[in-house]
Amino acid sequence: MGKFSEINLENPTVLIQGTTPIPDGRRRLVRWADQMRQNMTDQEAELWSRIKDISGIKEPLFGKYIGDFCHRKTKSVFEVDGRHHKYHGLSIDCKRDAYLNNRGYTVTRFTNSDVEKNLDWVVFTIRETIALKKQAMA
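Going left to right, the sequence shown walks through residues 1 to 138 as my numbering numbers them.
Hints were generated in silico from the structure; no laboratory data involved. As the structure is a prediction and not an experimental result, all values here were calculated from the model. For every residue, glycine included, the Cβ atom is placed at its ideal position computed from N, Cα and C. Heads up, some of the hints might be wrong.
[Claimed, not checked] Below, simulated PhoX-like cross-link-like pairs (lysine-lysine); rule was C-alpha separation at most 20 Å, straight line:
| # | residue 1 | residue 2 |
| --- | --- | --- |
| 1 | K95 | K64 |
| 2 | K75 | K95 |
| 3 | K133 | K58 |
| 4 | K52 | K134 |
| 5 | K117 | K73 |
| 6 | K133 | K52 |
| 7 | K58 | K75 |
| 8 | K75 | K117 |
| 9 | K52 | K64 |
| 10 | K58 | K73 |
| 11 | K134 | K75 |
| 12 | K134 | K58 |
| 13 | K73 | K133 |
[Stated by the list, open to error] Label-pair distances were calculated between CB atoms; the ranges are:
| # | residue 1 | residue 2 | range |
| --- | --- | --- | --- |
| 14 | E128 | R103 | 19 to 29 Å |
| 15 | K117 | V30 | 31 to 41 Å |
| 16 | V30 | G56 | 26 to 36 Å |
| 17 | R31 | W121 | 18 to 28 Å |
| 18 | D120 | G63 | 14 to 24 Å |
| 19 | C94 | A138 | 29 to 39 Å |
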């Protein structure tokens, strides 16, 4: 599915996904998000196969950002970060995290390696985060 994307604020007609410019517009953004969902990384697909049964979990759009997984009721966002986040995505990640935090969301990040080597732990962490937040809301 790819990592969070954002609209280039200097040129709001262009959406940035890695280094590929994408034409903006809500309809186009939704189509791009659909394409990303259909073309998940191996790690995202493996994780999705283990969490898709969680009620309310989905792959979201947040304003100008496209995310990996989110549980909106508990305002929990879960990201699977590949290598490019370490070098190229950090600036976008920081902006996106600030955008989400300002709207009451928390972001939990996992690396591709976490998913590959510790999938049970990643799934447990996601399920536990949602359960604890639901408890706190009750």
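Hints the structure violates: just list their numbers, smallest first.
5, 8, 9, 16, 17 and 18
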